[in-house]
Amino acid sequence: MSKTDLALLILRDFHGEIVAKIGECIVLSGCATVRQVALSTGIPQAKVKRAVLILVQHGIAEFEQNKHGFIDYKVDVNKIVYRLQFPKIMRCAELLYGDPAKFMVEKLLFEGRATMKSLIKTETQRLNECLRAQGDSEVAPSLLEERFEKLVKTHFLKRCSVPIKDARGRAVSLEAPSEELVFVMPPKESGTERVKQEGEPPSKKLKVEGEVDHAAAADSATSEIYWEVNYKRFLQHFRDQVLVAAVASRLDNEKAGEVLRTILRHCEKTTNPNEYVSQPISYHEIQAQLPRDLGMAKQTLEQWLKILTDTMPEFVSKSADSGGGMYAVSIFQALQTLCTAHIESVVEERFGSKSLRIFRVILMKRQVEQTTIEKCVLMPAKEAKDLLYKMFREHFVHVTELAKTPDHAPSRTFYLFNVDLQKVARVVLDRSYKAMKNVVIKQRLVVSENKRLRDKENRKNVVIASLQKQHSDLLAEHGEGITDEMKEEWEREVDAIKSMITHHEYEQLEKASKFIHHLEASQQQLDSTIFLLESYLAMTYKPPTPKPARDPLGR
Amino acid sequence: MATAAPNIKQEPVDDGDFEGRIVLLCQEHTEGINDAIIKAALPLSDSVQRVTALNNLLKTGRITVFQKKGTSDQPVLLYRLKDEATTAGPVKGADHQEKLVYQIISEAGNKGVWIREIRMRSNLGVPQLNKLVKNMESKKLIKAVKSVAAAKKKVYMLFDLEPDSTITGGAWYNDNKFDHEFADVLNQQCLRYLESKSASAKERHTDPLAQQNGALATADEVHRHITELGISTIKLTVNDIKDVLNTLIYDGKIKEITRVAAAGSTEEGQKLYRLLKPLIPTTGLMRVPCGVCPVIDQCQDEGAISPATCVYLKDWLNGIL
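Chain order of the listed sequences is L and W.
Letter by letter, the first sequence follows residues 1 to 555 of full-length UniProt numbering.
Letter by letter, the second sequence follows residues 1 to 321 of full-length UniProt numbering.
Chain L extracted, bound-state conformation (with noise of 0.2 Å):
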């Protein structure tokens, strides 16, 4: 509930009251048409079908044509939520491939969608801006391309989904593309194998047409690819980078992570992300892909992977001993060791290190009696028991009945202490949603009080800005004319504008700029508590396999 209430935060911070609005309505009803959404909100329909648009162009939105033949819309809340992660993707990306990748994925996450072309068109132009700004050389158009060709190659960005028309040429659905197109580049020429796709929702082409592909519909007939950001992979890779801190952390040398990195880089290629276990990597192929720079010895890393699978076994484990060893990594399991962490850092903050003592008994022992919890602990029986009820009141622990007479009698009745994990990760990241709601709520309430006077200083900088120059160039002008008098007169001019700030107020907003800096920080770290639980829990959930058929013979 409290992840719904974050996302419609969110969704109002990024597109307005009624996008939010109807994103609420969409959420809150399951699905809805455009006409429900109009009926229920009193908006009218031709500005609920514009917020649609965005939600459709940001990939919030999905539709599909119900038995009545109306087109439902539904809401992906975790579309909305991963906003928050847009400074990470971007500094990613920046990380991996430069500026120019950063720019590119920046305008996608931003605009939801776009072509390659006016992409790479827009960017260049950004980026040079920048280039300039800053003094450096300009970079051509073919270094960008050469980036975007890199993020599709490695999954970073990938196809958008492709509406499917009915017969009267509207759209009616949208359909994922092949899984040998998603991440394939269009042939370099462009021309008629291009894969055609007109097709965007009618109240999107619009949009489209008046700003995005105005340039490739008038370079060519053919419609162009549109290309989105594919989260999961970069999710993927935050969580690769999450598994290798823990290992680094946990065995104290950044040598360990790193050789656990090497073994997930080469995992991203061969192995499914949804996978539970990774596919195995020999260990001369870890050797050989290895970064040099590292410079480890062959006996180093030996004794590292021995380590790791002895000490870590829930992270790497040796799978067989061929090709010099085996080894995978049990992403499912080192993601539920690092889930328990997290929980059981939340129990140390909010119960106590004790009650910390008695929550991890209750997990290595799975099933517990209270007497049992009591005599391993080493703390009076009273305060143990004071705690154990404390984290039960909380959902932290979980109770089994185990009646030995029907009549369920207490008397006669085992009460076997246990913990849920998935269902603590559910009450934990619950929480967190509501956490981070909280402090977004309150990064805006200290922005909008502080409104007033950061509009001052401002302005208080723009004009001593503009002062400044007309100063240099009058100086530039007349160069000797200027009496030291005329300078003095200019200093105080300049001094006058500055004391329209008084220091209070200074230091108000000195004050205000370091509270929103904290929250922003505080957000951060949130976010990697919900990151790692939405990651395990996302693990946690198997889709119902579907039944073989059954052979009618019954062999």
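Read the hints as simulated data drawn from the structure, not as lab findings.
Everything hinted at is true.
Here are the simulated EDC-like cross-link-like pairs (lysine to aspartate or glutamate), alpha carbons at most 16 Å apart as the crow flies:
#1 L/K49 - L/D72
#2 L/K365 - L/D420
#3 L/K255 - W/D207
#4 L/K375 - W/D251
#5 L/K375 - W/D164
#6 W/K202 - L/D252
#7 L/K511 - W/D315
#8 L/K365 - W/D251
With beta-carbon atoms standing in for the labels, derived distance ranges:
#9 L/K382 - W/G20: 49 to 59 Å
#10 W/D315 - L/E17: 30 to 40 Å
#11 L/K150 - W/H180: 52 to 62 Å
One side of the interface only, derived from the structure: several residues of chain L facing chain W at Cβ under 7 Å:
#12 R250
#13 D252
#14 E349
#15 V439
#16 F515
#17 H518
#18 S522
#19 Q525
#20 L526
C-beta: ideal position from N, C-alpha, C; glycine also.
Given chain L, work out where chain W should sit, using these hints.
Chain W alone, transformed into the frame defined by chain L:
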């Protein structure tokens, strides 16, 4: 009881005589007598009389019965006089009820027995039993020990017995109260020892495997270290230290590794302990006040408790200045 006696109605015979003679027989044969010996010594008795006599003796607690493997693999029942020391000795001159209570208490050994249990087993009334127990306590035959499991529960045991560790709580209890400061200090000292061991291993060795192995310590080593520190006034056993190390494992600060004994050796696998570094820094949720907020479940965007009016958030932000 003793043998499956045929259920034939017989004239009641004065069997006091038989009882006395059986006791005499027992005194002669200290290793115990069986039915055959009794039969030979009392040729006039029939089986029913013997059984009644034996049962009476058993009931009054003067003899005991136990099984022994006979010649033809058939278990033979043996009767022997009960140990004077445990039965009659201290309660000589006492009445039948006192003997019974004494017996119940002595059977419980150093684990002690609860007064209610004595009452149930002896079938005595509350005032009567209380009087008896008080009487015996003043004679220093038995003593009352407070159990740590429940503050008000007293258990009785023989006076000269040392109470079991489940009753006193072992080294961790002082005056029947859990000495958690002591336990905490030991917990910290054990951790410090393993920390220093890990740090020195890191200094001494360069290759990772040696660093890892150098940080290992056995419970014996930790025990020796703690004893040398001399922080404990009472003598701690290795098992006590193992308890402490276990709490450290539960704290998630150390790890236990079982080293498998070399093939062919008779030693058991040895348990080794090593410091465990945290997997993650404090999780993000707990770095904002909402993580520890007691009223987070009542927090709404609008209402008495809301992020806009939250005092915790405000104090937290002012705290960073």
